[in-house]
Structure formats: C-alpha cells, structure tokens
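Enquirer: One letter stands for each residue in the lines below.
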Amino acid sequence: MRWLPSAILLVAAALALANAGRLSSYWMHVAIIAMYYAILAASWSLLAGYVGLFSLSHVAFASIGGYTSALLIQWRHLPIPVGMLAGVLVCGALGGAIGWVCLRMSGPYLAIFTLGFSEIVRITISTEDDVTAGMAGLHTDGLFTAATRLPYVYAAFALLAVSLLLMGALVRSRWGLFLRAIREDEQAAAASGVAVARCRILAFAIASGFAGLAGGFYAHYIGIMTPSVGDLDEMAKLVVMTVIGGMERLPTAVGGAFVVQVLLELLREYGQWRLPIFGVILLLTMRFARNGLITPFWLQFLRLGEARVSALPAAPTLPQKEPGT
Amino acid sequence: MSGRAELVRGAGVVKRFGGIVANDAVDLVVAEGDLIGLIGPNGSGKTTLINVLTGHLEPDGGEVVVRGARMGGRAAHVYAGLGVARTFQLTQLFGRMTVLENMLVPGLTRPRSAWDEVVRRAHRYLEFLSLAGVAQLPAKNLSGGQQKLLELGRCLMLEPAVLFLDEPFAGVHPRLRDELITRIRELHQGGRTFVVVDHDMESILRLSRRLVVMARGRKIADGAPDAVRADQAVLAAYAGL
Chain A
1 MRWLPSAILL VAAALALANA GRLSSYWMHV AIIAMYYAIL AASWSLLAGY VGLFSLSHVA
61 FASIGGYTSA LLIQWRHLPI PVGMLAGVLV CGALGGAIGW VCLRMSGPYL AIFTLGFSEI
121 VRITISTEDD VTAGMAGLHT DGLFTAATRL PYVYAAFALL AVSLLLMGAL VRSRWGLFLR
181 AIREDEQAAA ASGVAVARCR ILAFAIASGF AGLAGGFYAH YIGIMTPSVG DLDEMAKLVV
241 MTVIGGMERL PTAVGGAFVV QVLLELLREY GQWRLPIFGV ILLLTMRFAR NGLITPFWLQ
301 FLRLGEARVS ALPAAPTLPQ KEPGT
Chain B
1 MSGRAELVRG AGVVKRFGGI VANDAVDLVV AEGDLIGLIG PNGSGKTTLI NVLTGHLEPD
61 GGEVVVRGAR MGGRAAHVYA GLGVARTFQL TQLFGRMTVL ENMLVPGLTR PRSAWDEVVR
121 RAHRYLEFLS LAGVAQLPAK NLSGGQQKLL ELGRCLMLEP AVLFLDEPFA GVHPRLRDEL
181 ITRIRELHQG GRTFVVVDHD MESILRLSRR LVVMARGRKI ADGAPDAVRA DQAVLAAYAG
241 L
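Just so you know, the sequences run in chain order A and B. Numbering-wise, the numbering used here puts 150 at position 150 of the first sequence, and it's gapless, one number per residue. Numbering-wise, the numbering used here puts 81 at position 81 of the second sequence, and it's gapless, one number per residue.
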C-alpha cells in the first residue's frame with residue numbers, strides 16, 4: 001500500500017489538469033505564477049533545506065535565466081526551448097561558480113555574500129539598458145501563440161512535474177543523503193568520506209539551473225523581463241513561501257508556494273496589509289513550527305497505507321574486516 | 001612493527017595556531033595491527049595531531065603519508081577513502097538524520113557500494129553495537145554513550161584500515177564504557193588498527209598495546225605501556241598523578 005499516496009497525487013493532478021480549462025483566465029494566471037514560484041521554492045529548498053546553504057541569490061538566477069533566454073532569442077533567433085535550455089546551463093555554470101567561491105562560507109556570511117551577488121545582478125541589469133532595456137523592460141516572445149492561457153498551464157505543470165521528479169530522484173539517492181549529512185555537520189560528513197566541496201558546488205549548480213528554468217519560462221509567459229524579477233522583495237516572498245510550507249521537503253515547499261500565492265490573491269482587498277500578515281505568519285512559523293505549516297499534513301498523508309516497521313534480524317555477529325582494507 | 005604494513009605516518013608534523021605550537025616536529029607511525037593509546041595532559045597536542053593525521057588540519061611543517069601516498073593538501077574525505085576513519089572529541093553526528101542514515105552515509109561513499117548491501121551491513125554493525133533497536137530514531141535522541149557507539153559504527157561503515165578515536169570514553173557511563181572497550185578489543189582482534197586518545201588512564205591502560213605520550217606539543221614517549229609508565233619524562237609530565 002506504499003503506492004497509495006503517489007496514486008492519490010497522480011489522480012489529483014490528472015483531475016486538476018482535466019478541469020484546468022474551466023478556470024477563468026485570471027485564476028489560470030494565478031496557477032501559472034504559483035507553479036513558477038513552486039519550481040523556485042522546490043529548488044531553493046534543495047539548497048537551503050537539504051544542504052543548509054541559505055542563499056539569497058535564487059531569484060537573481062531566475063532573472064539571469066530569463067534574460068539569457070530572451071536575449072539569445074533576440075540576437076540569435078533561437079527556438080524558445082533552446083533559449084530556455086541555454087538559460088538553465090548559464091545559471092548552472094554561474095551557480096557552480098558561486099558555490100565554489102562560497103565553499104568556506106555558511107550561515108550569515110553566505111547569506112550576505114549571495115545577497116551582494118543578487119544586488120550586483122539586479123543593478124547591472126537595470127544599468128545596462130542598451131542590452132537589457134533596463135527598467136523599461138525587455139520584451140520577449142511568447143512560448144505559445146494561442147489566445148488562451150491554457151497551454152501555459154500545461155507547460156508550467158509539465159516543467160514543475162519534471163523538476164520535482166528530477167530533484168526528487170536526487171534527494172532520494174545517495175547524493176541526497178550526502179547533502180543532508182553536509183547540512184548536519186560538514187566535518188563529520190568529510191570524515192565519513194563525503195566530498196563536501198564537490199557536493200556543495202553541485203547543489204548550487206543544480207538549484208541555480210532550476211531557478212534559471214523557472215526564469216526562462218516566466219520570461220516567455222509574461223512577455224517582458226524587468227530587473228524586478230530578481231529583486232529582494234521577490235527573494236523575501238520565496239523565503240516566506242518555502243519556510244511556511246516547510247523547507248526540508250520538496251513537496252511542502254511546493255505546497256507553500258501554492259498556498260501563499262493563492263492567499264495573496266484572495267487577500268487582495270487588504271492591499272499592502274496582506275504582506276505584514278504573511279510576515280507575522282512567517283514569524284509564528286519560525287517560532288512554533290520550524291518544519292513548516294504544511295509538513296505535519298504531508299507526513300500524515302505519507303502514512304496512508306504505510307506498512308508497520310518489520311522486525312530487525314537478531315543474533316549479533318562480529319563483522320569481519322574486509323580483505324584488502 | 002617489523003613485518004607489519006605502515007598505515008599512517010606523520011613525519012616531523014608541525015602545527016601552529018598563532019604563537020602556540022600545538023605540534024612540534026612530531027613523528028608517529030601507525031602500523032597494521034596497532035592498538036595505540038595516545039595520552040598527554042590537556043593542551044599537549046593530541047587532538048591536533050589526530051586532526052592532522054586524518055586530513056582535518058593542514059600541517060605547517062612535515063608531512064603525512066597514508067599507505068605510501070603523500071597526502072599534502074588532500075581533503076579529509078580522501079583520507080577516509082583510503083581507510084582512515086576517526087571520531088571526534090565532542091561527538092559529531094548527523095543529529096536530525098536517523099541512526100541508520102548515519103550509518104549509510106559512510107557506507108555509500110565507498111566506490112561501487114550497492115544500497116541494499118550497505119543497508120544490510122549497517123544493520124549488522126548496529127546489532128554488533130547494540131543499537132539495532134534505535135535504528136529509526138534521530139541520532140540526536142540517543143544517550144551520550146549510544147552516540148559514541150554510533151560514531152564508532154559510522155567509522156566501521158568505511159571498512160577502515162585504521163580508526164582514530166578521540167576521547168571515546170569521555171562522559172560515558174561506566175557500563176557503556178566497558179561495552180565500548182569490549183567492542184574495540186573485538187574489532188582489534190578482527191584485524192582493525194586503533195589509535196585511542198583519552199584522559200581515562202585506567203581504560204587506556206586496559207586497552208592499549210602501545211602507549212604514546214605527548215606533552216607541550218612534543219612526543220615524549222612511545223613504547224610498551226609498562227615501559228612508558230616507568231619513563232621519567234612521562235612521570236614528570238604527569239607529576240601529581
């Protein structure tokens with residue numbers, strides 16, 4: 001019965017997709033933007049939640065991914081998917097480079113460093129208006145020519161699903177175990193044979209690549225890239241989404257992105273007051289539910305159909321030293 | 001050590017922290033089958049020497065050779081890959097990961113390791129260390145003594161040639177200390193090599209076949225426990241004991 005939660009999720013996703021056409025254009029837009037943030041939240045949780053690298057440059061990578069794709073398409077007339085792929089690769093390479101530079105940094109030092117990088121990116125994009133069109137915004141080609149937003153809903157869903165499958169495979173592999181070990185204790189991880197530097201660089205590269213993918217999609221959905229895509233308000237929003245959902249699991253981070261984005265829309269009548277409301281929720285989450293508000297529900301959901309733990313074998317035996325070690 | 005393979009050699013190891021010389025031209029050879037007790041007063045440089053010999057600190061002078069390979073500048077995980085395992089003075093576990101996951105991490109870093117085989121081996125070691133019943137608990141929930149046992153288990157998952165144990169008996173209940181000593185003896189008889197640092201002289205003397213004494217960053221004695229205990233330099237360093 002361990003397949004039950006997966007089966008429920010699949011059925012729910014199929015039902016949602018089958019009924020997506022019934023949504024109004026406005027709610028389709030909300031769903032698409034929520035899925036954009038969901039990719040960002042999941043990839044940021046990979047970095048901050050799994051490895052403990054509290055980077056504040058994640059939305060800057062989304063911005064770089066979007067601008068890379070938009071500019072390459074403008075200059076080289078590449079197909080949009082190729083432009084998006086180029087954005088992913090550029091972000092992956094840059095993310096790896098940032099990971100390498102930050103190898104000996106953690107906690108507040110890493111946060112300040114990545115904050116500085118993020119601001120450099122934003123200001124450079126704002127200033128170099130000959131290339132990026134600055135604050136006026138860089139117009140981009142749309143991924144689809146259809147009059148409805150429905151194809152974008154499907155595309156966003158496909159990108160989110162593929163991203164989650166790839167990141168999920170990573171965190172369930174031995175590499176996921178190594179990343180969590182690094183989060184817990186870098187020195188002990190190294191003593192256990194984990195190549196800490198390689199893993200940290202890899203985590204930065206992969207998470208930044210997914211941020212670049214989200215940014216590329218956003219650029220070709222919204223139709224215009226502005227420096228505000230990578231500004232600190234956006235990063236703060238991403239942190240709120242991920243922390244409220246639960247930053248140590250991909251699905252809870254995704255859940256946080258959906259819940260916060262939908263609530264932001266539902267609370268629009270409160271104007272700017274909805275932002276302090278989320279600030280208070282964030283503070284309460286950090287104080288009383290550090291694993292996130294969605295995590296307990298997610299864990300309960302996973303227990304559906306879970307088999308009881310089987311008894312362990314008895315009779316202790318002394319393991320012998322392997323030959324040649 | 002005639003006829004026995006040399007596993008780790010520290011040659012003229014020098015390590016300074018600002019104006020303090022923590023290791024002052026220390027030579028130490030660990031050969032296959034050794035069970036070394038490394039003792040010395042507080043601040044004598046024992047932990048620094050272990051940190052250097054396991055790749056966690058880069059020496060300022062001298063060199064470290066592991067199984068014939070000069071290790072200059074290599075990262076700690078390379079030492080682990082060559083079969084050099086260690087525990088820490090203050091236990092360092094992956095606290096929010098389960099006991100079993102703590103064991104899997106080193107097992108899975110070994111080349112060509114298969115997940116199922118590593119899980120089976122982890123369960124065997126957990127049985128051996130009397131930790132099988134807590135395999136699914138977060139490591140931070142274990143008692144101090146169980147945490148020391150788990151740290152030893154984590155080392156064993158590397159199938160190491162040599163284990164450096166830094167104060168394994170510190171703060172451990174006497175019953176668990178006896179269990180640790182028994183396990184170390186059994187593992188030594190099974191072919192493992194150990195270097196054990198501790199202040200618990202009774203345990204060290206019960207355990208070790210060779211005693212190395214450090215004082216003020218230097219190695220002042222190295223030999224059979226009975227001979228070392230009668231050494232005047234050692235008695236002077238331990239004046240008052």
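Do not rely on the hints blindly, as some may be mistaken.
[Unchecked claim] When the alpha-carbon atoms are kept at most 20 Å apart in a straight line, the in silico SDA-like pairs for lysine to any residue are as follows:
| id | chain 1 | residue 1 | chain 2 | residue 2 |
| --- | --- | --- | --- | --- |
| 1 | B | K140 | B | H123 |
| 2 | B | K140 | B | V65 |
| 3 | B | K140 | A | A289 |
| 4 | B | K140 | A | E184 |
| 5 | B | K140 | B | G95 |
| 6 | B | K140 | A | E248 |
| 7 | A | K237 | A | Q187 |
| 8 | A | K237 | A | S24 |
| 9 | A | K237 | A | V280 |
| 10 | A | K237 | A | W273 |
| 11 | B | K140 | B | H173 |
| 12 | B | K140 | A | D185 |
| 13 | B | K140 | A | E119 |
| 14 | B | K140 | A | N291 |
| 15 | A | K237 | A | L72 |
| 16 | B | K140 | A | E265 |
| 17 | A | K237 | A | A197 |
[As the list claims (entries may be wrong)] Only some residues are given here: those of chain B computed to face chain A with a beta carbon under 7 Å:
| id | residue |
| --- | --- |
| 18 | R86 |
| 19 | F94 |
| 20 | P106 |
| 21 | L158 |
[Said to hold, decoys possible] Over the 12 Å line for every Cβ pair with chain A, so calculated as not near, a few chain B residues:
| id | residue |
| --- | --- |
| 22 | G95 |
| 23 | M97 |
| 24 | I181 |
Rather than coming from a laboratory, the hints here were simulated on the basis of the structure. Treat the numbers as computed from the prediction; the structure is a model and nothing was measured. C-beta atoms are modelled at their ideal positions from N, C-alpha and C, and glycine is treated no differently.
Enquirer: Now look at each hint and say whether the structure bears it out.
Expert: Structure-based check of each hint:
no.	hint	in the structure
1	B:K140 x B:H123	holds (19 Å)
2	B:K140 x B:V65	violated (35 Å)
3	B:K140 x A:A289	holds (19 Å)
4	B:K140 x A:E184	holds (11 Å)
5	B:K140 x B:G95	holds (4 Å)
6	B:K140 x A:E248	holds (17 Å)
7	A:K237 x A:Q187	violated (33 Å)
8	A:K237 x A:S24	violated (25 Å)
9	A:K237 x A:V280	holds (13 Å)
10	A:K237 x A:W273	holds (14 Å)
11	B:K140 x B:H173	holds (17 Å)
12	B:K140 x A:D185	holds (12 Å)
13	B:K140 x A:E119	violated (38 Å)
14	B:K140 x A:N291	holds (16 Å)
15	A:K237 x A:L72	violated (28 Å)
16	B:K140 x A:E265	violated (41 Å)
17	A:K237 x A:A197	violated (29 Å)
18	R86	holds (5 Å)
19	F94	holds (4 Å)
20	P106	holds (4 Å)
21	L158	holds (6 Å)
22	G95	violated (6 Å)
23	M97	violated (6 Å)
24	I181	holds (15 Å)
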